[in-house]
Amino acid sequence: MLEYAARHLGLIGQLLLQHLALTVTSLALALLFAVPVGIWCARYARWAPLALGLGSVIYTIPSIALFALLIPILGLGFWTAVVGLAAYAQMVLVRNTVVALRGVDRAVVEAARGTGMNEAQILWRIERPLALPVFLAGVRLATVSIIGIATIAAWVNAGGLGVLVLDGIEHDYPAKAVAGALTAVLLAYAVDFGLRALERRSQTWRRA
Amino acid sequence: MSDVPGVRFNHVSKAYGDRQRVIDDVSFEVARGSFVVLLGPSGCGKTTLLKMVNRLVDPTSGDVEVDGAGIATRDATALRRSIGYVIQQIGLFPHMSVAQNVAVVPSLMRWPPAQIEARVSEMLELVRLPAREFGARYPAALSGGQQQRVGIARALAADQQILLMDEPFGALDAIERARLQAELHGVQGRLHKTVLFVTHDVDEALRLADEIVVMREGRVVQHGRPIAILAKPADGFVAELVNANDVVRRFSVMKVRDAALEQDSGPASPAAVRFDDDLRSVLSVMLASGTLRLPVIGDDGRPLGTLTLASMLAAARAAGS
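As you go down the protein sequences, you meet chains A and B in turn. The first sequence stops at residue 208 when you use my numbering, and every number in between is there. The second sequence stops at residue 1321 when you use my numbering, and every number in between is there.
Calculated from the structure, these hints are not laboratory results. Treat the numbers as computed from the prediction; the structure is a model and nothing was measured. Misleading hints may appear alongside valid ones.
Claimed, not checked - Under 7 angstroms between C-beta atoms, here's a sample of chain A residues computed to sit facing chain B:
| no. | residue |
| --- | --- |
| 1 | A111 |
| 2 | G116 |
| 3 | N118 |
| 4 | A120 |
| 5 | P129 |
| 6 | L130 |
| 7 | S202 |
| 8 | W205 |
Every residue gets a Cβ at the ideal spot worked out from N, C-alpha and C, and that includes glycine.
Based on the provided sequences and hints, a complete structural model is requested.
This is how it looks when you write it as C-alpha cells:
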C-alpha cells in the first residue's frame, strides 16, 4: 500500500484536493440553508419539528440511494455530489444551530434587550458569540461525515478519494483502495482536530 | 423641570389573556433623584411593573411616563439606552470583558472610542474596580459582588438618569450584599439618579429607600417613607410583611435627630453618637457600653445634648401614632 502511495503521490494529491473541494463546497451550501432555517426554528419553536423531521428523513436515506435519486435531476458530476452531501448535513447543522441558540441564557438576552440592543444586534453581538461553541461542534460533525460520505461521490463521477477506492475494488487492487480510504480517514482526523481547536478558541471567556 | 416626576404610573394594568390581572390599576410617582423601592412577595407584580419603565413589558391599559412624557409611542431601543438596567447576577455578557460590558451602551450610541474608553475608566473607578486591573477580565473571573458592581457601572455608563434594579443583590452573600448596598447608597448620594429598585428583602428596602411601594397581587397596598410603613402599616399584610411591631427595626430607619435630647451635661461617657447615626446602631452602642444615656456631638465635635433610651422609645412610639 505504501509502495502504491509512494508511486502515485501526484494522483493522490490531486484527488485529495478534489475531495476537499467537494467537502468545502457542500459545507458552504449546507450552511447557506441550515443557518437561516436554524435561526428561524430557534425563534419560532413550532417550526422546529418540521425542519428537524425533514432533515432526519433525508439523513435516513442510504447515501448511494440519495445520489441515485439525484442523477435524473442533476445528471452525473460534481454538483450532484455537492447537493447530496449538503442535504445530508442539514439535520446535524439545523439541530445544532437550534440547540446552540436555545442554549443562550435568556437572562443575558433580556439584559441585552434592556440595555437597548435591537433584535439584529442581540443576534449578532450576544447570541452569535455565545452560541458559537455548540454551533461549531455541529459544523465539525457535519464536516467529518461529509468527508466520509464524499468517498461515495466517485460513483457519480464527482472525483475525490473515492475514485481510488472504487477503482481498487473494481480492479481487485487492494493497495489502491486502502490508499484512498486511509487518505480520507487522515483527512477526516485532520479536519476534526482543526475544528476542535477552533471550538476551544471560541470559548476562551469560559475559563477566564 | 424639577417638579416633573422621573417616572409616573397612570392607572397601569397588565393582563395576560383572560387570566387575572398581574398588575391592577397601579398609579404612583417616582420623584426625580429619589430612591424608590418596590417591595413585596414573589409574584406580586413588582418585576413586571419595573419592566414597564423600559418597555420590556407594555401595559394592557394605562400609561407610563418618563420625564413627563408617555413612553408608549417612544422607540423602545432608544428609551432603553437612556435608562440603566441591572438584574440579578447573570446580567453581564459572559463573552465580553469587563471593559466591553461597561462600554455596551455608549458603543450602541456610537460615542467616539476615546470618549468611551475614558468613560469606562471613570465608571470602573466609581465602583472601585480599576480598569487597569479589571478591565480585561471576563465576568467568570470575578466574584458575585464584583460582577454586580460591573453591572451597576454598565447601567450608568451612558449617564442614564434613571436606574432600574431588579433584585440586583439577591444572589450575593450577606456581607457582599451589605457592602454593595452601602456603595449604591453612596453612589446615589453623589449622582442623584432616579432609582426604582425591586426587592423582597424588607431590611434591604428599609436601608436604601427614600420611599417604599408595597405591592401585593398586582396592587399597591401602601406607598410612603420607610418609617411611615413601619409605624403605620396600611393593613395586616403590610404589618406582617415588615414586622411593624419590631422596635429595633423601627430604630433602623430613625436617626438621632428624630429623638428628643436632654440638655443636661450628663455623666461622662467613653462613647458618643452623632446626629445622623441611626437609632439601631445607637442601641448597639448603648448595650455595648452598658449605659442607657449617651452624649450626642455635632459634626464639629461640640456636645449637643444627651440621648436616652427612654426618649428613643418615645420617638419610636410617636412615629406610630
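Return the status of the interface hint for A111(A): holds when the least beta-carbon distance to chain B is below 7 angstroms, violated otherwise.
Since chain B brings a Cβ to about 4 angstroms from A111(A), closer than 7 angstroms, the hint holds.
Restraint outcome when A120(A) is required to lie within 7 angstroms of chain B by C-beta distance
violated, 11 angstroms
Answer holds if the nearest beta-carbon of chain B is closer than 7 angstroms to that of L130(A); otherwise answer violated. holds, 6 angstroms
Have a go at the S202(A) hint: is there a Cβ in chain B nearer than 7 angstroms to its own Cβ?
violated, 9 angstroms
query = Hey, does the G116(A) contact hint survive, CB to chain B under 7 angstroms?
reply = holds, 3 angstroms
Tell me if the interface restraint on W205(A) is satisfied: Cβ within less than 7 angstroms of some Cβ in chain B.
Cβ of W205(A) sits 4 angstroms from chain B, so the hint holds.
Please verify that hint: P129(A), Cβ, nearest Cβ of chain B, below 7 angstroms or not. Because about 5 angstroms separates P129(A) from the closest Cβ in chain B, which is inside the 7 angstroms limit, the hint holds.
Hint status (Cβ of N118(A) to nearest Cβ of chain B, threshold 7 angstroms):
holds, 5 angstroms
Checked against the numbered hints above, the structure violates hints 4, 7; every other hint is satisfied.
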